[in-house]
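Trainee: Spelled out, the chains give:
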Amino acid sequence: MELTIEVVVFAVFAIITLAGALGVVLARNLFRAALLLLVSLFGVAGLFVLLAAPFLAAVQVLLYMGGIAILIIFGVMLTRGMVQARQVMNSQWDLAAVIALVTFVILMIVIVQVAQGEGAPLPSLPRGDVAADSIAQLGAALVDPAQYVLPFEVASVLLAGALIGAVYIAREDEAE
Amino acid sequence: MVKDALIQAGMNIGWATFIDLLLGVIVAASFGMVWVLLGIWIERKWAGRFQNRIGPNRVGPYGSIQSVADALKLLTKEVIIPRNADRPVYFLAPVLVVASVILIAAVIPFSPVVIGTDLSIGILYVMAVSSIGAIGIMMAGWGSNNKYALLGAFRVVAQLISYEVPTVLSAMIPVMIAGTLSMQGLVHGQHVWFIVSAPVAAVLFFIASQAELGRAPFDLLEAESELVAGFNIEYSGMAFAMFYLAEFMHSFFVAILFSVLFLGGWRGPGAEQIPFLGIVYLFIKSILVYFVSVWLRLTVPRVRIDQLLNLNWKFLVPLAMIYVIFMAFVLKIAPVPDLSGAQAIAAGPYEGVASGIYRLLGPDFVATLPQAGVLLLANVLFVVVAAAVLREVSRRRRMRVEDLVDETDYSGAGGAGGYTPADHSETAAAR
Numbered sequence: 216m217e218l219t220i221e222v223v224v225f226a227v228f229a230i231i232t233l234a235g236a237l238g239v240v241l242a243r244n245l246f247r248a249a250l251l252l253l254v255s256l257f258g259v260a261g262l263f264v265l266l267a268a269p270f271l272a273a274v275q276v277l278l279y280m281g282g283i284a285i286l287i288i289f290g291v292m293l294t295r296g297m298v299q300a301r302q303v304m305n306s307q308w309d310l311a312a313v314i315a316l317v318t319f320v321i322l323m324i325v326i327v328q329v330a331q332g333e334g335a336p337l338p339s340l341p342r343g344d345v346a347a348d349s350i351a352q353l354g355a356a357l358v359d360p361a362q363y364v365l366p367f368e369v370a371s372v373l374l375a376g377a378l379i380g381a382v383y384i385a386r387e388d389e390a391e
Numbered sequence: 385m386v387k388d389a390l391i392q393a394g395m396n397i398g399w400a401t402f403i404d405l406l407l408g409v410i411v412a413a414s415f416g417m418v419w420v421l422l423g424i425w426i427e428r429k430w431a432g433r434f435q436n437r438i439g440p441n442r443v444g445p446y447g448s449i450q451s452v453a454d455a456l457k458l459l460t461k462e463v464i465i466p467r468n469a470d471r472p473v474y475f476l477a478p479v480l481v482v483a484s485v486i487l488i489a490a491v492i493p494f495s496p497v498v499i500g501t502d503l504s505i506g507i508l509y510v511m512a513v514s515s516i517g518a519i520g521i522m523m524a525g526w527g528s529n530n531k532y533a534l535l536g537a538f539r540v541v542a543q544l545i546s547y548e549v550p551t552v553l554s555a556m557i558p559v560m561i562a563g564t565l566s567m568q569g570l571v572h573g574q575h576v577w578f579i580v581s582a583p584v585a586a587v588l589f590f591i592a593s594q595a596e597l598g599r600a601p602f603d604l605l606e607a608e609s610e611l612v613a614g615f616n617i618e619y620s621g622m623a624f625a626m627f628y629l630a631e632f633m634h635s636f637f638v639a640i641l642f643s644v645l646f647l648g649g650w651r652g653p654g655a656e657q658i659p660f661l662g663i664v665y666l667f668i669k670s671i672l673v674y675f676v677s678v679w680l681r682l683t684v685p686r687v688r689i690d691q692l693l694n695l696n697w698k699f700l701v702p703l704a705m706i707y708v709i710f711m712a713f714v715l716k717i718a719p720v721p722d723l724s725g726a727q728a729i730a731a732g733p734y735e736g737v738a739s740g741i742y743r744l745l746g747p748d749f750v751a752t753l754p755q756a757g758v759l760l761l762a763n764v765l766f767v768v769v770a771a772a773v774l775r776e777v778s779r780r781r782r783m784r785v786e787d788l789v790d791e792t793d794y795s796g797a798g799g800a801g802g803y804t805p806a807d808h809s810e811t812a813a814a815r
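Protein chains in written order, with the numbering used here: chain Y, 216 to 391; chain A, 385 to 815.
Treat the hints with care, as some may be off.
Said to hold, decoys possible - Derived, one-sided and incomplete: chain Y residues facing chain A with beta-carbon distance under 10 Å: (1) V223; (2) F225; (3) L250; (4) A284; (5) I288.
Unchecked claim - Think about it this way: if two alpha-carbon atoms lie no more than 25 Å apart in a straight line, the pair counts; the simulated SDA-like pairs of lysine to any residue are: (6) K461/A - Y628/A; (7) K531/A - L245/Y; (8) K716/A - E368/Y; (9) K531/A - L293/Y; (10) K698/A - R386/Y; (11) K698/A - L378/Y; (12) K698/A - L245/Y; (13) K716/A - L357/Y; (14) K698/A - V372/Y; (15) K716/A - Y363/Y; (16) K716/A - V358/Y; (17) K716/A - I350/Y; (18) K698/A - Y383/Y; (19) K531/A - G290/Y; (20) K531/A - S349/Y; (21) K531/A - A248/Y; (22) K698/A - L357/Y; (23) K531/A - L251/Y; (24) K531/A - I384/Y; (25) K716/A - S349/Y; (26) K531/A - Y383/Y; (27) K531/A - N244/Y.
Simulated from the structure, these hints should not be mistaken for laboratory data.
A virtual CB, placed ideally from N, CA and C, is assigned to each residue, including glycine.
Model the full structure from these sequences, guided by the hints.
Mentor: Shown next as structure tokens:
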């Protein structure tokens, strides 16, 4: 393979993602583990940019790093007793290992099939430059009845339900 | 330029592009740093005047190189590390905070041609990278192993994450009007400044972004009277200077962002022909916005943390959400500016006054006026209705408080808040 700048950048972000993920499971300090999760998520954002999907990259940083990961860190900081894990493995490690292995095998089968052109054909996309108005297309597709408006609305209803449920659970019992 | 020279020298095109871009990045990143040295001096001079003193006046003419002296001092100072600090986290925190601010510089459109990179997701990118700063502040709070720093870090989550919501929602209005996320696109689409078409969004954005900055009256992260110095209490020397630098740069970048979103960015007479004029216009606008921000910072007392969160979740967020929905409807109704027609009219055989107006303000400006007018009227309507609702809500709340007062026994001395029984029997009768 020729050493182009894309390959180098891909390698850098892949290493960041994998090293961060490894760090998450190996770190004994929960706070550091949460920070390493951020590193891993950042690597994924970089890979999105490399795939010419800047919108996904920005959403990844804004929601996963700026929102979800910060909430995780906040949770870790508020539970001081749990910060220092005594051992890296817990009692469920064997089950977790099996699940991880199965997931890995399934993903590899799919990837190899696609790479060899077998299995279900991917929707044929023109190779090369992504359209300049890809974000406008994405926005239109999300509210187009023929495309993704149903999943979009289902997701919104689900989120609204989760919000209301959270408020109901969290609110203090009122005096009767 | 650099790229061509490198390719001539026999370098791979990919690498040449990389080095070319790298140089651009260095220039864009250094701009902020250099500007800070001047900007801090300006702000301290303003602060001096607001507080009836002179401000820095010893180093250089009018104290203008005071910041350089301060920077040198901070560089040579010892960086003291608390013994139980989490060292990697402690040292990475200021780096992350500064980086998150400098990254914004990449998409600021200084003029029609001077821009780091005109990302198609421009404004979303700005929101995304500024949210990284919160992580840095949390790392600082945690890594210092200090209770005040940790309390400051807790407040970061409460404040920065909450205020991100109204900031993003109000920044969506210019995006909706211009129909693009790209920063250059926002400026190009702004024939009439968006502060005219959407003044409510401008005010919301200004308030929310001040809170995002963590500056007074929203400087709960480092409230001196409550948290000693907040999240950066254990930092000294250059490590502290980096937080200071980041805060200053961020507040100026937010002023630039406000100018780009609502004040037409680099737009101004002749800016399209002479790009340098665009930079000048943008800086004049930004400094004006920055002045208002500093003015607020120096004259308004700090809010309490519960007031801060109430203001956000019970006022700004609902208002911004209703406003976004309202503006979406109004934009559907408002006449869409016909820019091609305007160009034709400008080129057409108009004589005298009409032609003069077209030439002075630009044909696109005139073509956009109807839309801007409808939007402005809608905004005025929105403010009137919102004010009426707010008045009604607070009147109800006051009445509830008065009801509570009614039930209180005043047989003791004085009564609460100067109320006498005669007083509130009167108010009850009036009701």
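Trainee: Hints the structure violates: just list their numbers, smallest first.
Mentor: Hints 2, 12, 20, 22, 24 and 26 are the ones this structure does not satisfy, whereas the remaining hints hold.
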